[in-house]
Amino acid sequence: MERRNKLNIIYDILGVIQKRGEIKKTHIMYQANLSHNQMKLYLDELYKKKFIENTDSEKPLIKITKKGMDFFKQYAQVLEFEKTFGL
Amino acid sequence: MRIVFTPDWFLGHDVLIDVFSFIILFLFFLFSIKGYRLNKNKRLLYLGIGFLLISLAELSVILTKFAIFYDTTLTQSIGGLIITYQVVSSLDIIYYLSFFFNRLFTLAGLYIIYKLPLKKLSGDIILVTYFIIIASFMFHQFYYLYHLTALIFLALIIRNYINVYLKNKLVNTKIFIIAMSLLAISQVMFVFSKISYLYVTSQIIQLISYITLLILIIKITKNGKTKQVKHNL
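Heads up: the sequence lines are chains A and B, in that order.
Start counting the first sequence at 1; every next residue gets the next number (our numbering).
Start counting the second sequence at 1; every next residue gets the next number (our numbering).
These are calculated hints, taken from the structure and not from any lab test.
For each residue, glycine too, the CB sits at the ideal point set by N, CA and C.
Be a bit skeptical, because a hint or two may be false.
Said to hold, decoys possible - Below are the DSS-like pairs computed for lysine-lysine, each with C-alpha atoms no more than 27 Å apart in a straight line:
1. B:Lys167 / A:Lys73
2. B:Lys40 / A:Lys67
3. B:Lys120 / B:Lys167
4. A:Lys83 / B:Lys120
5. B:Lys40 / A:Lys50
6. A:Lys40 / A:Lys50
7. A:Lys83 / B:Lys219
8. B:Lys222 / A:Lys49
9. B:Lys169 / A:Lys83
10. B:Lys219 / A:Lys73
11. A:Lys6 / B:Lys40
12. A:Lys50 / A:Lys67
13. B:Lys219 / A:Lys67
14. B:Lys65 / A:Lys83
15. B:Lys194 / A:Lys73
16. A:Lys73 / B:Lys222
17. A:Lys59 / A:Lys24
18. B:Lys169 / A:Lys19
19. B:Lys194 / A:Lys6
20. A:Lys67 / B:Lys42
To be verified - Listing some non-contacts, in silico: residues in chain B with all C-beta distances to chain A over 12 Å:
21. Trp9
22. Val15
23. Phe31
24. Leu97
25. Phe100
26. Asp124
27. Leu127
28. Ile152
29. Val164
30. Tyr197
Pulled out of the complex, with its shape left as it was, chain B reads as follows (with noise of 0.2 Å):
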C-alpha cells in the first residue's frame, strides 16, 4: 500500500518542504540547547528534545523520499514503458522503517512540547507512548490514524499555548500558536491525501506553518539584540 501520495509532477518539490521544515526544526532544537547551556532550565532541554525528535522524524522522511525520487527516476529512464511509484522490493524495508521512525518521532516530539507548559511533566507517559507506538506501528494499514494522533496533539499543545498567551500576552506566543494552527490545518488535509490536490495543499500549508516558525526565530533573535527583557527590576 502506498504512504507518499506525492503526485507525479510534485516529487522533489515536497522534499525541498521537508529540508526546509528539518532546518527549522533543528535551528529550535540549537537555540533550546544554547538556553540550557546557559541556564541549565530542564523545560528548556525537554523543548529541545521535542524539536530534535520533530527534526530527525523530517530527516528520516526526506531520506526515504529521496531514494523513492532517485528509484522512480531510474525506473522511467531505464524503461519508459511501465512507471510505477510503488517502492521496489529492495527499499521496501528502509520504506518501512524510516516512515515509522517518522510517525514515532513526530508524535513523541508533538507530545513534549505539549506537555512542557504544564506544570507537572509527569503522568500518563506509559500509556501515551503505548497509543504513539501503535498509531506509528499501524500507519501502513491505516495511513490516516498518525495524521488523526498529530491532529489531537496539535489541538492540545494550541489550547496549552493559549494558556500560556493569555498569561504573557507576548506576539511570539501568538506567531508560534499560528504555526501549530496552520500544521493542524495541514493534518486535517493529510487525512485525505489520497486527493492528490489535497495532498500538495497540505504541504504548502506545512510550508506556511514552517515559514511561520522561521519569523519566529528570527522575531527572538532580533528582539534578544535590541530589546531587554525585565526582571522585576
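For reference, chain A alone in the conformation it holds in the complex (with noise of 0.2 Å):
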C-alpha cells in the first residue's frame, strides 16, 4: 500500500471535515486513519494556516473555513490529473 506524503493526510482531514461539515478531533483521529499524535501535529498546522476553525457552539468541534476548502478543492483537481496522467 502507498504511503500518504503530508499533503495527501492533510487532504485526507480536510475531506473528512468537509464530508462531515462540523466534527469532533476525535472523529478526525479515527476517519483520517492517524494516531493522536499525528492529529494534533497537523491539526495545529491547519490552524495556523486558517484552513480550519472552531465552530461557536458550545462542544469542540471544528469546520472547515473558505481558505481550507479552496485548498481542498484544487489538491483533489491535482490528484484527478495525476491519476488520468499515472504520475
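Please dock the two separately framed chains into a single complex, following the hints provided.
This is the structure in C-alpha cells:
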C-alpha cells in the first residue's frame, strides 16, 4: 500500500471535515486514520494556515474555512490530474 | 516544395483549428504547473514541459500560416492574375524555421509525454534526440517523415496509457487514450495530405481530438470540485 505524504494527509483531514461539516477531533483521528500525536500536529498546522477553525457552538467542534475549502478543491483537481496520467 | 497543403478555401479555417489546439495544450501546461507548484511532483513539471513544447509548436505554425494567409491575400488583391500559394522569398526563412521548430517541439513534447508513465525516465535520450532532430530537419524533403515519427510516438503513448488505464480504470485516462488515438489517425491521414480533402479531414479529426482533450480538462476540474479522491483512508 502506498504511503501517504504530508499533503495527502492534510487533504484527507480536510476531506473528512468538509464531508461532515462540523466534526469532533476524535472523529477526525479515526476517519483520517491517524494517531493522536499525528492528528495534533496536523491540526495545529491547519489552524496556523487558517484552513480550519472552531465552531461557535459549546461543543468543541471543528469546521473547514473558505481558504481550506479552496485548497481542498485545488488539491482534488491535482490528484485527479495525476491519476489520469498515472503520475 | 510546399509543406502546407491547405486548399485555398480552407486557408484561415485551419489556423482557427490550430489556435484552438494551442489554447487546449496551454491549458494542460497551466494545469500541470499548478499541480507542480502545489505538491512538487517533478513528473507533473515534465508533463507541463511536454504540453508547453507542443503548444509552442502550434504557436509557431499559427504565426507562419497567418503570414502565408496575409501574403496570399496580398497577392490576390494586387495581381489577381498570378495566384500562388508558394511562399515568397522574404518569408522563406521564417517559414522554414518555424516549421522546423514546430516539428522539433511537437516530437520532443510527445516523447516526454510518452516517457512519463514509465518508472525510468532516462535512457536512450541522446539517440532519440538525434532522431527527433533528423525527422524535424528533413521535413521539407520528406514531409511524411515527421508524420510517421509522430505516429510512432503517439502509438507508444497509447500503449503506455492503456497500461495506466488497466491499473487505474479511470474514465479520464480512457478519454486521454481516445484523444491520442484520434491524433494518431490524423497523423496517418496527414501522410497523404497532398490530396486536399484528406488534409481537411485530418485537420477536422485533429480538432475532434482537441475537443476531447477539452472535455477531459472540464471533467477533471468538475470532479475536483465535487468528488473527493480517496487516499488509503
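Checklist entry - Going back to the hint list, which numbers does this structure go against? => result 14, 15, 19, 23, 29
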